[in-house]
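Visitor: Sequence:
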Amino acid sequence: MSIQTIEDTTVKAFPAPAKPAEVIAFTAKARRRFDPIVIAGKLASALVPPAIVIALMLVVWQIACSSPTASLPPPSQVWNEAYDLIAHPFFNNGPQDIGLAWRVLISLQRVAIGFGLAAIVGVALGALVGQSIWAMRGLDPVFQILRTVPPLAWLPLSLAAFRDSSPSALFVIFITSIWPIIINTAVGVRNIPEDYRNVARILRLNQFEFFVKIMVPAAAPYIFTGLRIGIGLSWLAIVAAEMLTGGVGIGFFIWDAWNSSRLPDIIVALAYIGVTGFCLDRLVAAVGAFVTRGTTAK
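Number 116 in full-length UniProt numbering belongs to position 116 of the sequence shown; there are no gaps in the numbering.
These are computed hints drawn from the structure, not numbers from a lab.
A portion of the hints provided could be inaccurate.
Stated by the list, open to error - SDA-like cross-link-like pairs, simulated, lysine to any residue; straight-line CA separation at most 20 Å:
id, residue 1, residue 2
1, Lys213, Arg282
2, Lys42, Leu125
3, Lys42, Ala124
4, Lys213, Asp195
5, Lys213, Val199
6, Lys213, Leu203
7, Lys213, Ala289
8, Lys213, Asn198
9, Lys42, Arg282
To be verified - Beta-carbon label-pair distances, calculated as ranges:
id, residue 1, residue 2, range
10, Asp256, Ala286, 46 to 54 Å
11, Ser260, Pro89, 16 to 24 Å
12, Phe278, Pro36, 23 to 31 Å
13, Ala70, Asp97, 28 to 36 Å
14, Gly116, Arg163, 37 to 45 Å
15, Leu72, Ala286, 30 to 38 Å
Treat the numbers as computed from the prediction; the structure is a model and nothing was measured.
Ideal Cβ positions, reconstructed from N, Cα and C, are used throughout, including at glycine.
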């Protein structure tokens with residue numbers, strides 16, 4: 001059996017400084033990361049495949065709808081008849097005559113309020129429910145039932161309760177998006193390792209400190225999974241609600257265009273809705289990856 005001296009312990013406790021070769025390798029790796037050619041290659045690999053798929057879809061759409069008997073307009077007709085909406089998204093000719101970008105921003109304001117409230121309440125309730133196995137067993141069936149109710153099914157009740165379209169739309173966003181946030185947060189809290197709870201007991205953390213320092217960081221991957229689902233449901237809910245409540249949002253624009261038989265305008269608005277929903281999902285995913293440092297829910 002070998003004898004470990006104090007000198008051996010000291011050497012092992014403090015790692016040796018990096019060798020010149022290691023420093024050079026790290027510098028070369030950092031340079032490659034910011035190399036314009038490398039960046040261009042990454043962008044190409046991310047953008048070229050979707051661009052090819054979209055181009056093929058447009059070609060198929062053009063061929064399928066070019067017949068005079070086709071009920072939907074081809075892309076060429078959409079471009080010609082809805083060119084102003086495509087080329088000038090920020091025009092403003094009056095309260096009801098505005099570009100689609102303004103309409104999307106108005107809808108996003110409602111989504112920000114409704115989804116923000118759902119995120120705050122959902123995370124808080126999920127944290128409370130997740131700390132009790134009996135609460136999860138008792139409330140999970142209720143959550144599963146309520147989350148399957150379509151957004152528009154809540155609208156009559158909200159209009160009867162609030163008697164105004166704006167708070168009714170906010171309530172529809174809130175009630176539609178809160179369930180996945182609660183469920184995922186509760187699951188994340190239940191999956192916190194017992195070692196973390198033991199550390200909290202040793203450090204004598206109070207409930208607030210345990211929530212901020214232990215619970216939220218440990219359950220963050222699950223929380224952001226729920227937030228990603230919730231933001232998509234929020235955007236879906238506001239578009240559906242605006243079709244019936246009116247206003248100047250993107251949902252009401254689609255309904256008004258349908259009543260005026262402006263199918264090209266509807267198709268352009270759908271593209272705006274899809275791109276906006278995609279950006280919202282990527283935004284929440286990016287924030288989640290930054291906060292959790294790439295950790296995923298298991």
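Visitor: Does each hint hold? Answer for all of them.
Guide: Now the hints, each set against the structure:
1. Lys213 with Arg282: violated, 26 Å
2. Lys42 with Leu125: Roughly 41 Å separates the two Cα atoms, so the pair is violated.
3. Lys42 with Ala124: Roughly 39 Å separates the two Cα atoms, so the pair is violated.
4. Lys213 with Asp195: holds, 14 Å
5. Lys213 with Val199: Satisfied, since the Cα-Cα distance of roughly 11 Å is no more than 20 Å.
6. Lys213 with Leu203: Measuring from Cα to Cα gives roughly 11 Å; hence the hint holds.
7. Lys213 with Ala289: holds, 18 Å
8. Lys213 with Asn198: holds, 13 Å
9. Lys42 with Arg282: Distance of about 17 Å is within 20 Å: holds.
10. Asp256 with Ala286: 46 to 54 Å: violated, 34 Å
11. Ser260 with Pro89: 16 to 24 Å: holds, 19 Å
12. Phe278 with Pro36: 23 to 31 Å: holds, 26 Å
13. Ala70 with Asp97: 28 to 36 Å: The hint (28 to 36 Å, Cβ to Cβ) holds, given that Ala70 and Asp97 are roughly 30 Å apart.
14. Gly116 with Arg163: 37 to 45 Å: Once the Cβ atoms are compared, 23 Å apart, the range 37 to 45 Å for Arg163 and Gly116 is violated.
15. Leu72 with Ala286: 30 to 38 Å: holds, 35 Å
The structure fails to meet hints 1, 2, 3, 10 and 14 from the earlier list, while all remaining hints are met.
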